[in-house]
Amino acid sequence: MSFGPFLLLALMEGLVSAAVLALMASGLSLVFGVMRVVNVAHGAFFMTGAVLAWFVAGHVPGPPVVGWLVALIIVPPLVGLLAAAVDVLVLKRLEYEPEAVIVATIGLLYILEQVALLSFGPDARPVAAPFSLRLQLPWFGYSGYKLFVVAAAGAVLLAVWLVMTRTRFGLVMRATQVDRVTARAFGINVDRVYAGTFGLGAALAAVAAVLVVPTTQVHYLMGGDPLLLSFITVIIGGLGSLRGTLVAALIIGLSDGVISMFWAPTLSKIIATLLVALVLVFRPQGLFGAKA
Amino acid sequence: MLRLEGVSASYGAVTVLRDVVLEARGGEVTCIMGRNGVGKTTLMRAIMGLVARQGRFVLDGDDLSALPAHEVARHGIALVPQGRRLFGPLTVAENLEIGLMTRHRGRAVHEQVLDLFPRLRERLGQVSQTLSGGEQQMLAIARALCLEPKVLLLDEPTEGLQPSMIAAIREVLLGLKSTGVATVLVEQRVDAVLQVADRVAFMGHGTVAEVVPGAGLRADAPRFAAYVGV
Chain G
1 MSFGPFLLLA
11 LMEGLVSAAV
21 LALMASGLSL
31 VFGVMRVVNV
41 AHGAFFMTGA
51 VLAWFVAGHV
61 PGPPVVGWLV
71 ALIIVPPLVG
81 LLAAAVDVLV
91 LKRLEYEPEA
101 VIVATIGLLY
111 ILEQVALLSF
121 GPDARPVAAP
131 FSLRLQLPWF
141 GYSGYKLFVV
151 AAAGAVLLAV
161 WLVMTRTRFG
171 LVMRATQVDR
181 VTARAFGINV
191 DRVYAGTFGL
201 GAALAAVAAV
211 LVVPTTQVHY
221 LMGGDPLLLS
231 FITVIIGGLG
241 SLRGTLVAAL
251 IIGLSDGVIS
261 MFWAPTLSKI
271 IATLLVALVL
281 VFRPQGLFGA
291 KA
Chain L
1 MLRLEGVSAS
11 YGAVTVLRDV
21 VLEARGGEVT
31 CIMGRNGVGK
41 TTLMRAIMGL
51 VARQGRFVLD
61 GDDLSALPAH
71 EVARHGIALV
81 PQGRRLFGPL
91 TVAENLEIGL
101 MTRHRGRAVH
111 EQVLDLFPRL
121 RERLGQVSQT
131 LSGGEQQMLA
141 IARALCLEPK
151 VLLLDEPTEG
161 LQPSMIAAIR
171 EVLLGLKSTG
181 VATVLVEQRV
191 DAVLQVADRV
201 AFMGHGTVAE
211 VVPGAGLRAD
221 APRFAAYVGV
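Protein sequences, first through last, are from chains G and L.
Going by UniProt numbering, the letters in the first sequence line up with residues 1 to 292, in that order.
Going by UniProt numbering, the letters in the second sequence line up with residues 1 to 230, in that order.
Bound conformation, chain L alone (with noise of 0.2 Å):
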């Protein structure tokens, strides 16, 4: 589905990303993990290309290499970038409106999404940033399911949030595995990491060190040591 080769990124003289091989497949989540710094939200904007990069990013045969930001979306790769982001004086509505309109997608797309999020369906009209942070994080994985993307990039979506919460984003996670989208989750909590992970890359030094199963995961405690410290 999405293969990167050789991608570095840096943010002006420093380089953050060297090297980085690492594919995504559809139907599976994609977890990437390591240490605070390491480079992994730099990894998703580079994909975005919303940093400097390098390399060689691939999408279902598509180079998207030389694409601008705003084409890398329209071909499908979705991002709920860390910190939620959304658009905050915007309603509910208009922050869906403008994830539909990415890729075209029309009212089909939108009742699907609130589907997934009925407690949105309640609060089209409320402004984003009054939503409480739960409901904020729904709203961008919902704003991000209305391109109907192939590969949906996560950045730390459980951050600070409640874990009825937390099980909710899962359910939903493991939903899209049958849909056939890409999954790539950056998350830095193990337990989460090993309920939905289908495979899991290990980043240290700005660059992939290794990707092995989720399966059996559990009990390599020394892998998590070194490379998240946990």
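Next up, chain G with everything else stripped away, as it sits in the complex (with noise of 0.2 Å):
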């Protein structure tokens, strides 16, 4: 195969990266604009969402495609409940002390992987991809789901952009966002507002990873990676902005599919994280993020 359709080749690779990336980051953005606080266990989020994806799709009888399609449905919510009842019962009770959260999502995240690790066990295992088109082009066949992951993580994002910006739950954030003090004074309840944003922060990874599982294993410690990717995402779009986190997940995902494809993938992950170096040198509030 020449240059060009490898190229092609590792740019589609690369989409389909960004997106879910994209997905991922967004959530982790929209948990620290809103609420000004880090969640460290968003990735053990994503795990969660892929282990219980894992699970719904193995159990609910029929093809693929009615089980992955059941996971789809009812594991975001779940995923986004619990998180909820740990800004309830966790992160209220530290007043959003940003240092005491980083701790304790610290601590959620070992807890949600040692909980996976003795129900799920220490195996990767796979999820089958619910259907199993392939796009036939000139040079080289590609997956027709992998395409999907790509449209579907866009119309998510869509809507949480509609979301944010048409409805009055989107208002009632923005507002929260720029002054919970003021907010409360305009008769918002912030603590609603702040357990519906970490919820659905976590709901967007595990959406993520519901799309993601049929392409790869579920394990785990698979959270890691997409974690550190997505920190890299917000820091380099600027934490709290969700354009910037778009952008940035391009950015990470297109040059992760290119230097993935013709060097090695360790080199694209040392070459994010030099970039998020000279962010924080040069541009510290990151590409979109507006100063402190």
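FYI, nobody ran anything at the bench for these hints, they're computed from the structure.
Positions of the beta carbon are idealized from the N, C-alpha and C atoms, including for glycine.
Check before you lean on any hint, since a few could be wrong.
Stated by the list, open to error - For each label pair, taking beta carbons as the anchor points, the in silico distance ranges come out as: (1) G:Pro77 with L:Gly160: 47 to 53 Å; (2) L:Gly61 with G:His59: 53 to 59 Å; (3) G:Arg36 with L:Tyr11: 18 to 24 Å; (4) L:Arg107 with G:Tyr110: 49 to 55 Å; (5) G:Leu274 with L:Pro68: 44 to 50 Å.
Stated by the list, open to error - Covered by chain L, according to a simulated footprint, are these stretches of chain G (three or more residues, beta-carbon under 8 Å): (6) 172-180; (7) 183-191.
Claimed, not checked - Quick partial rundown of chain L residues pointing at chain G, CB under 8 Å, derived from the structure: (8) His70; (9) Ala73; (10) Pro81; (11) Arg85; (12) Pro89; (13) Glu94; (14) Ile98; (15) Gly99.
From the two separate chains plus the hints, produce the assembled complex.
This is the structure in structure tokens:
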């Protein structure tokens, strides 16, 4: 295969990575933007979503698409409810002190991983793809499911944007993000907004997990890499900026696809980390973040 | 309308208000005056439930003392905070929408409020942090009026404004009297107070030292000197 088709394949792989990363990182960015806390357990919510998707898909009778669809419908709300409960029972009691929340979510990360290890086991397990459509290009064939992942992630992100900009819930979230004290003075139940935001952030990670599990293997430690890449994405894009998160996810995802294809996956991680260092030195607020 | 009995408030271990007794009556403007740091802003925040507070807060017979801040607002107490504290990145229309949502008010209230501040009608789509200082203050008041409040709390609304804007705000406050709204106004400018106040509560040492009728205060320079230092 000549250079052109190779590059096309690399870009398509990168686009899939970017789509999943954008979903995952937008959840992290949303939580930081509204609540001003860093959720270190975000990758663990992703892993929990994947494990639950494996469980649900394996227990629903019928063709793979049925089990996978059931997982897509019930797993994100379940993970979202779990996260909302953590917010009410733990983070609220810590009064959202940034340092305390980091420590608490590190603890939560370990708890979720160990619960998964005890119940799911240490082995990596596959989830069957819901359909096996193959797109045949002149130079190579490509998974139709992976292209579906890109479209589905785009649709979910569009829905999140519409919720944030066109609904009352989004307006309340944006007002709380700007000034939670004044929001309280205008009848906004900030505790409920925080629980909803933390739940929505985790649910987005779970949607990413359900979408991605048919293309990878489910494992109790699978949340580490997506968490790292999500942090890289939101730092480059600007903490709390959804637009920045999307642009940064595209940069990271596409460069990951190309560098992994032509050189080595490790090199793409090294370059992404270097990019974060450069952003922190020369533009600490990120590409689209507001100055503090 | 709104009655405060034995109110105290604190920030952590620091007690700022002690045993405050105050009444705000419907259709009247009650002004709060006192030196800097005496607790005027804390009193506004205590009424809203935005600081740790004790004592009784009674609105039209309903005891609001144990309610969280967002419930206080829904009972009809609206705040125009010091420094405006608009939701800056949101548009004028969205700021007003937040006010309307608080007590589920609709288009009719929206139109009434915009009739009071026609300049805002021309700027509904503008991001509020790009408005001039005077327009931002108009929006802060308009946002509070969107609640159709029973009690309106204003914390130094004329601070940093040009005379024409101060006059416009005064006209709005005088107009509110006829609607039965109880207005509580924290203000440092003596002339502004004398033009609108039905009663003036002078604060000293974290409490309301005395409440006197607004009429006749103009000649009472020693009282202003004692409490405000002018």
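Would you settle whether the hint for alanine 73 of chain L is holds or violated, based on the nearest Cβ-Cβ distance to chain G being less than 8 Å? Status holds, d = 4 Å.
Hint check: is the beta carbon of glycine 99 of chain L less than 8 Å from a beta carbon of chain G? holds, 6 Å
Cut-off 8 Å, C-beta pairs, minimum 3 residues; does the coverage of the segment 172-180 of chain G by chain L stand? holds (count 5)
Is the interface hint for arginine 85 of chain L satisfied, with its Cβ closer than 8 Å to some Cβ of chain G? Nearest chain G Cβ about 5 Å off; hint holds.
That 53 to 59 Å hint for glycine 61 of chain L and histidine 59 of chain G (C-beta), does it hold up? Because 57 Å falls inside the window, the suggested range holds.
Could you tell me whether the CB distance from arginine 107 of chain L to tyrosine 110 of chain G stays inside 49 to 55 Å? Distance hint for arginine 107 of chain L, tyrosine 110 of chain G holds at roughly 52 Å.
For the pair proline 77 of chain G and glycine 160 of chain L, does the Cβ-Cβ distance stay inside 47 to 53 Å? holds, 48 Å
With chain G as the partner, please determine if histidine 70 of chain L meets the hint condition of a C-beta pair closer than 8 Å. holds, 5 Å
Under 8 Å, Cβ to Cβ, is where proline 89 of chain L needs to be relative to chain G, so tell me if that hint holds or is violated. This hint holds: proline 89 of chain L lies near chain G, its Cβ roughly 6 Å from the closest one there, short of 8 Å.
Can isoleucine 98 of chain L be said to touch chain G, with a Cβ gap under 8 Å? The hint holds - isoleucine 98 of chain L has a Cβ within 8 Å of chain G, the shortest such distance being about 5 Å.
Is 44 to 50 Å a correct range for the gap between the Cβ atoms of leucine 274 of chain G and proline 68 of chain L? Check passed, 47 Å falls within 44 to 50 Å.
Less than 8 Å between beta-carbons is the criterion; does proline 81 of chain L satisfy it with respect to chain G? holds, 6 Å
Of the numbered hints stated above, none is contradicted by the structure.
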